[in-house]
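There are 2 protein chains.
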Amino acid sequence: MPKCDARHPRLFVDVPLSAGIGIALDRDQTNYVGNVLRLAAGDMVLLFNGREGEWLAALAGRKRPDRADIVNQIRLQDRLPAVDYIFAPLKHARLDYMVQKAVEMGAGSLQPVTTQRTQMTRVNTERMRANVIEAAEQCGILSLAEVHQPLPLGRWLGQRDAGDLLVFCDEEAPHSDPKAALASAGAIQSRINVLIGPEGGFSEDERNALLRQPKVVRLSLGPRILRADTAAVSALTLVQAVLGDWCKS
Amino acid sequence: MPKCDARHPRLFVDVPLSAGIGIALDRDQTNYVGNVLRLAAGDMVLLFNGREGEWLAALAGRKRPDRADIVNQIRLQDRLPAVDYIFAPLKHARLDYMVQKAVEMGAGSLQPVTTQRTQMTRVNTERMRANVIEAAEQCGILSLAEVHQPLPLGRWLGQRDAGDLLVFCDEEAPHSDPKAALASAGAIQSRINVLIGPEGGFSEDERNALLRQPKVVRLSLGPRILRADTAAVSALTLVQAVLGDWCKS
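Order-wise, the sequence lines are chains A and B. For the first sequence, the working numbering gives the first residue as 1, with consecutive numbering after it. For the second sequence, the working numbering gives the first residue as 1, with consecutive numbering after it.
These are computed hints drawn from the structure, not numbers from a lab. Please note that the accuracy of each hint is not assured.
Unchecked claim - Here are the simulated DSSO-like pairs of lysine-lysine, each with C-alpha atoms no more than 27 Å apart in a straight line:
id, chain 1, residue 1, chain 2, residue 2
1, B, Lys179, B, Lys215
2, B, Lys91, A, Lys91
3, A, Lys179, B, Lys179
4, A, Lys179, A, Lys215
5, B, Lys179, A, Lys215
6, A, Lys179, B, Lys215
To be verified - Chain B stretches covered by chain A per the calculated footprint, using a threshold of three residues with CB under 8 Å from any CB of chain A:
id, stretch
7, 100 to 114
8, 217 to 225
Keep in mind that this is a model prediction, so the values were computed, not measured. Heads up, the beta-carbon is just placed ideally off N, CA and C, and yes, glycines get one too.
Kindly produce the complete structure, drawing on both the sequences and the hints.
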């Protein structure tokens, strides 16, 4: 996948895209291109809808740009890595941040799970989706990560595909080489579920249930304590670098 | 290094520590333990000063706790990894965040460098130090990462130790396996300088100057664009996992 052309702002629009048509921008987008970026009619932007690749378009409108006229397609649609990010939700700003980071790291789906020590049980999935869109816009990503409704950990374990690899980031895991632990999973044909627990840790019952999963790698993220949003980037880096699309050329 | 006991709040105090003495808390700490955490006299905290390990102490004070009476030492002092984090500064909240993340990931020093495309040239190093302390307190870290005054990239290159390994995170690097790139550096006896550039990228002149350094690894951080704070965690994860203290048991 080529990196996108970072010179033009990128906008997500949830409508079909094709050459020659004009796309109406919503109020937030009009404000963003006109007032924040101070662009004018004739300036170029990139549009994507998560399904049909990326398109070059020219801003248009009378006073301030409120439309984008599509010129041509510049990237074909691709697929996100088969990596799911499963996490205990955090509060507000830190959840926003964690969602954005997981998207930047190429997560294909986001699944909040509540645990015995989770502080938050209600999760604003609309807000999660807004953060997915923002990160995809900023980071040249063409597909939107799927946002799932929160589930209790036990229910998620009950319904996950037992053929998927579970990468369990366990702060109680004995300190050992995380590259080697991931490499021991061998060639992966299935999806990879990367699980980061609550900052209070998993209970013993929960840990036992996780370690009983059929294909599980217990990952140690080094000798220091990491906050959950840091652990997200760190674990996804290792998964992408050992099993994912960072190690392929 | 064992993980710290996360049950007790940790406070950095810049005074000598020894068993039996009382340490006065400053106004922020008094507010934090009394009003935020709602602790009372007799509750336990952990104290560290960056030089003499970690100490268990009992809060004391008449109305609200404003002192901590040291009981005994519970961890000996250790040293931070010989990893320096060199970065183009970001604005305000994102710089706070990046500094905290670099500390969590075990950076031993933080060096802001200004480049041709750096947006920020003034850096509040006092605020950086406050973020270093906050991250160390929260993540069980015993030593404070050193905060250096900002330097232009060229001056930093001129004064760095030519025997150190430079890990140059280059978004223009051909996409290739980052683990292999780092492993090619072999056993590292020197310090490791991890460099993340500005979000606008390095200029060609700057890139050439970096690639002329005697011991340099050019690192690709995957096929997607990463924001600078994400790249920080990601690059430090790879360095710690391949060359640093994450792969040692």
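Results for each hint:
Among the hinted pairs, Lys179 of chain B with Lys215 of chain B is consistent with the structure: their alpha-carbon atoms are about 17 Å apart, no more than 27 Å. Between the alpha carbons of Lys91 of chain B and Lys91 of chain A the distance comes to roughly 23 Å, so the proposed pair stays at or under 27 Å and holds. Taken as a hint, the Lys179 of chain A and Lys179 of chain B pair is honoured in the structure, with Cα atoms around 9 Å apart against an allowance of 27 Å. Note on Lys179 of chain A and Lys215 of chain A: the hinted pairing holds, with a Cα-Cα distance of about 17 Å set against a maximum of 27 Å.
A hinted pair counts as satisfied when its Cα atoms are at most 27 Å apart, and Lys179 of chain B with Lys215 of chain A qualifies at roughly 24 Å. The suggested pairing of Lys179 of chain A with Lys215 of chain B holds, with an alpha-carbon distance near 24 Å, which does not exceed 27 Å. Restraint check on the stretch 100 to 114 of chain B versus chain A: 4 residues with Cβ-Cβ distances below 8 Å, three needed, restraint holds. Coverage of the stretch 217 to 225 of chain B by chain A holds in this model, with 6 residues showing a Cβ closer than 8 Å to a Cβ of that chain against a need of three.
The structure fails none of the hints (numbered hints given earlier).
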